[in-house]
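A.B. asks: Listed here are the chains, written in short residue letters.
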Amino acid sequence: MRRTPEKLSLGWFLRHPLVATCILLALTIVLPYLRIGERLKLLTFLPLAHAQSDVSETPYEELSEDERVRFDLKIERERTSELALENSRLRDALKQLNGLGRQDPAFAEASMPTAVNAQVIFHGDSSTWRHSCWINRGKEAGIEEGMPVVSGRTLIGRIAMVGDNQACVMLVSDPAFACSCLIIDPDNPAEDSTERVRGILRGDGSAMPHFPRLELEDVAVGAEVGPGMHVVTNDFTGQFPLGLAVGVVREVIPQAGFLEVRIEANLDLSTLEVVQVLQHKRPEIEKQALALMRKK
Amino acid sequence: MAYAHRAFGARAHTPQYRWRIVGSGGLLLAVVHTMLLRRMNLGEFTPDLYSIFALYLGLFASRQGRYVPCLVLGLIRDFFSLGLLGSYGVLYSLLHKVAGRARGKLDPERIINVFIMALFGTFLVNFGYHGMLVVSGSGIGWTRALYRCASIAVASAPLAVFVYPLMHFGLDKLRVTRLGGFWNI
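Those protein sequences? They're chains C and V, same order as listed. Going by my numbering, the residue at position 97 of the first sequence is 97; the numbering climbs one at a time, nothing skipped. Going by my numbering, the residue at position 174 of the second sequence is 1174; the numbering climbs one at a time, nothing skipped.
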């Protein structure tokens, strides 16, 4: 008996879910501008962000005692983080005046862009390979994709997805994170900016306590790098501002053709509560090219 | 009489608690993975509880309760992860196929077999996930990936030995019927 061929319909996809999932996965890979997966994930975290804002919108008198304590704590945390940010800025200004900045004009000119305070609403990532967290600020607070996220003056990650009131932060320890960095000897800073040791920061997705979680790749052989040296961001690609702290060099392993520099991060990324999103926009590619040409 | 027999047969094959088990299990594991395991700082030896659960469904659920529940569990994990939506969905639907083959060769009621299957199952899922990371340009190097997958598998397999009897006990308490070693979920 001849079987009639099945028609491709919604019912057929429901009976063959693996095919439907493969198509979904292929669409997210092949057509990244459609952002199907991202849109769905942003919808998932919307109730969490709303729940957070609902509490703050209710008049203080109508809140229960527990909610009042939480509200006060939240306000205190935000104030503390603002003070910490201001403190770190002042410390940096002082440091620039006293040491690094006086010897290196690039660092002296570097200033922190304006920051938006945000609270972490969901820690971690259900995958053992990826590292991310969700914050309660989005497009309405002026946050855009790719903006750097810091705590004080330490780099934490960058915005990976952004909704109206929520955003996902890709942490520096995520394997998909990459950033151009500089290695600086705090005791003996290089006088000429061309003498600085450069490398590309990559997370490897591993977690504490198995350091290193971070690595610098493509560091030239022969570069003077040793344990205890500081690693800061470079503005080479324009994605991150110059001079955000990343970590401290823990180990240097010579490889064929390059050095593998292992870094210990400055912060424990699993216990973050309040972060700041720097409103730093990546310069347009034409402007970047022009700036590079002028430098040459 | 025939009608009564058909009605009874249909009721006996109606899945019990399927979506409640998959949905609540997926959400609970999301909380455990993100809030508990991260804070425990187990490093490379963080167990992969989602894979253990998916393997349990692949080994012990009824024929209708393996494929789609595994896929949905994977999708739930994808929702709480930064990776591409569907990555774990595809991996877990493939895991149920592998589990089906393994069940034909090894008796999953024996502890040593459970240990071996959990070891290989979690290793394969994580190795597959790293393969997807490599495709998207975020691989961490095959040697290191092998080490990490092995570490995760070593941390997960002993847990499976304890968790599977507990899950049997829980399903039994929920009065889920079991026919031929398969739970009617």
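It should be emphasised that the hints constitute simulated quantities derived from the structure, not laboratory data. Treat the hints loosely; a few may be bogus.
[Stated by the list, open to error] One-sided and incomplete, this derived list gives chain V residues near chain C with beta-carbon spacing under 8 Å:
hint: 1; residue: 1014
hint: 2; residue: 1015
hint: 3; residue: 1027
hint: 4; residue: 1033
hint: 5; residue: 1063
hint: 6; residue: 1064
hint: 7; residue: 1071
hint: 8; residue: 1079
hint: 9; residue: 1081
hint: 10; residue: 1084
hint: 11; residue: 1086
hint: 12; residue: 1146
hint: 13; residue: 1172
hint: 14; residue: 1177
hint: 15; residue: 1179
hint: 16; residue: 1181
These numbers come from a predicted model, not from an experiment. In this text, a Cβ means the ideal position worked out from N, Cα and C, and glycines have one as well.
A.B. asks: Taking the hints in turn, state whether each one holds.
C.D. replies: Here is how each hint holds up against the structure:
1. 1014: At 18 Å from the nearest chain C Cβ, residue 1014/V fails the 8 Å test, so the hint is violated.
2. 1015: Violated: closest Cβ of chain C sits about 15 Å from residue 1015/V, beyond 8 Å.
3. 1027: 10 Å, violated
4. 1033: 5 Å, holds
5. 1063: 14 Å, violated
6. 1064: 12 Å, violated
7. 1071: Check passed: Cβ of residue 1071/V comes within 5 Å of chain C, closer than 8 Å.
8. 1079: 5 Å, holds
9. 1081: 4 Å, holds
10. 1084: 5 Å, holds
11. 1086: Holds - the Cβ of residue 1086/V comes within 8 Å of chain C, reaching about 4 Å at its closest.
12. 1146: Cβ of residue 1146/V sits 14 Å from chain C, so the hint is violated.
13. 1172: 28 Å, violated
14. 1177: Cβ of residue 1177/V sits 25 Å from chain C, so the hint is violated.
15. 1179: At 24 Å from the nearest chain C Cβ, residue 1179/V fails the 8 Å test, so the hint is violated.
16. 1181: Violated - the Cβ of residue 1181/V stays beyond 8 Å from chain C, reaching only about 25 Å at its closest.
Figure legend: structure checked against the earlier numbered hints; hints not met, in rising order: 1, 2, 3, 5, 6, 12, 13, 14, 15 and 16.
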